[in-house]
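2 protein chains.
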Amino acid sequence: MKSVLVVGTGLMGASIGLALKAGGFAGEVIGWDARAEELAEARRRGAIDRALAGREAVLTTDADVVVLATPVLPILDWMERLAPALKAHQLVTDVGSTKAEIAAQAQRLFGRSGRAAFLPGHPMAGKESGGAALAEAALFHNAVWLFTPPAGELKGGERKAAEPESAGAWRETVKSFGARVREMDPKRHDEVCAWVSHLPQMLSTAISALLEDRFAGDAEGMAAVQAIGGRALREITRLGSSPYSMWRDIALTNSEAIAASLWALEQRLAHVRENLRTPELREEFSRANRFRAAPRS
Amino acid sequence: MKSVLVVGTGLMGASIGLALKAGGFAGEVIGWDARAEELAEARRRGAIDRALAGREAVLTTDADVVVLATPVLPILDWMERLAPALKAHQLVTDVGSTKAEIAAQAQRLFGRSGRAAFLPGHPMAGKESGGAALAEAALFHNAVWLFTPPAGELKGGERKAAEPESAGAWRETVKSFGARVREMDPKRHDEVCAWVSHLPQMLSTAISALLEDRFAGDAEGMAAVQAIGGRALREITRLGSSPYSMWRDIALTNSEAIAASLWALEQRLAHVRENLRTPELREEFSRANRFRAAPRS
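Residue numbers (the working numbering), protein chains in the order written: chain A, -5 to 291; chain B, -5 to 291.
Accuracy of the hints is not assured; some may be wrong.
One copy or any two copies: either way a pair holds, since identical chains are not told apart in the list.
EDC-like mimics (lysine to aspartate or glutamate), calculated; alpha carbons at most 20 Å apart, straight line [stated by the list, open to error]:
(1) K181 with E214
(2) K121 with E229
(3) K181 with D212
(4) K(-4) with D212
(5) K81 with E157
Since the hints were made in silico from the structure, they are not lab data.
Owing to the predicted nature of the structure, the values given are computational and were not obtained by experimental measurement.
Isolated chain A, as found in the complex:
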């Protein structure tokens, strides 16, 4: 692995560049971004050695690994364009937040008849605000980095056999970032992410928007919110800062699972509301206490 091209040098892409450097990667890190300022910032921070000019330059890259670090829809676009353009020895991987569509498209477009290989990935790391300026080499330290090769490749030892050497090299690289590598079926990934990542995001957005509507025109009320609101309010609204630009693609590519988790939570909140004065509230607290007390990995 002599060179890595990062497509999308925002928070994730620039952090990958910095982590490569910090992990002792001796090759070249190349970058491209549709936003000139993100690309310049990544260069300034030393996350990339060289910036590509123009989309055409991405399609003719001879980098050993191409990392797609954009929101999901541009990842799907880049996959369409890169699949016929790259050579068989090259590897494309990604850090997209949903995996079922990406894994299905990877199976359709990559990995056979002399084409490049594709390894779908998802580091469980990030911040509520994006941009190369916030990038950190340590972003992936102790984070789980999931790989979700298409279902057919996951059975027993077959996956390893089906994967090119370059995929193994990328797995090792990710470990050098301090990340913990796990494998997961892409559909299972999207369903579990709906519960533990997408639902918390939509919830935090909804409650922040609700408080904005309720208190923004009420100066005395907002002052009271700010005086009274402590850690609980901060935590529950933190993701309210997240950018729509990234979440739009997640909502579009995992709508069904997110809608199901939202619906389940709506029912659950109604249940709590109807039982504020009954002993069933005790049962609900007990179930919540049990979830929190379960041993964590």
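Knowing the structure of chain A, use the given hints to seat chain B on it.
Just chain B now, with coordinates in the frame of chain A:
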């Protein structure tokens, strides 16, 4: 102020004892708790100098200040019993989580015809787990400590005039804990607390209970939840550890405002769910972004 009696020596009561000591209070801190082990732990930790034996001893106390640091329903009970028992120079205050019922009862029972005074209070501090063992002198450092004297006493300069010296002394004591003192109307307090404290709690309980029901019997799923769940899941479920014993009384004494905030959130989640694939999701993220970007006090 030569002596303070803390009724309820759990997390809040024992922390008040420790904060008194740390703030240089030279008088005696006396404690009482229905649970012998909490009382013993508070004594062991140096939060109280002396433990009272039996409820009768509380009613005959000559402490200058009695701090009720139990859940709300026992606070209301103690108010009933203490009002006829104490002398006019004594002050009773509390740290209860809801204030409208307590303030109304205070107005009915205290502060006239030779009776002791009552100053309703609520420090915005706590932990998701209780008990004297977790008490800290620094628990109130930089926290807002609200006082909610009955509405009639809040108008202009009259409140100060209506308050005995002992109430002013307790306000100064609370400042010596590092807390920031604010005044608030008790009904306004309960309504705003419903939004920024009680709603986050019920939400965290509901989502934790939901995840328990969804994943507790599914070992592979729970392993995936634990592998994928990061800071967002931790934050959003943290209060799932909170004890029912305390929240029962909050739910009972602020049911209407909590139910209204839960209902509003249910509607809002449904709105997000119905708009996962429409441009309205962008508007919802914008509103949430605005709430988070508003200047904080």
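Inset, instruction - Would you pick out the hints that fail for this structure and give their numbers low to high? - result: 4
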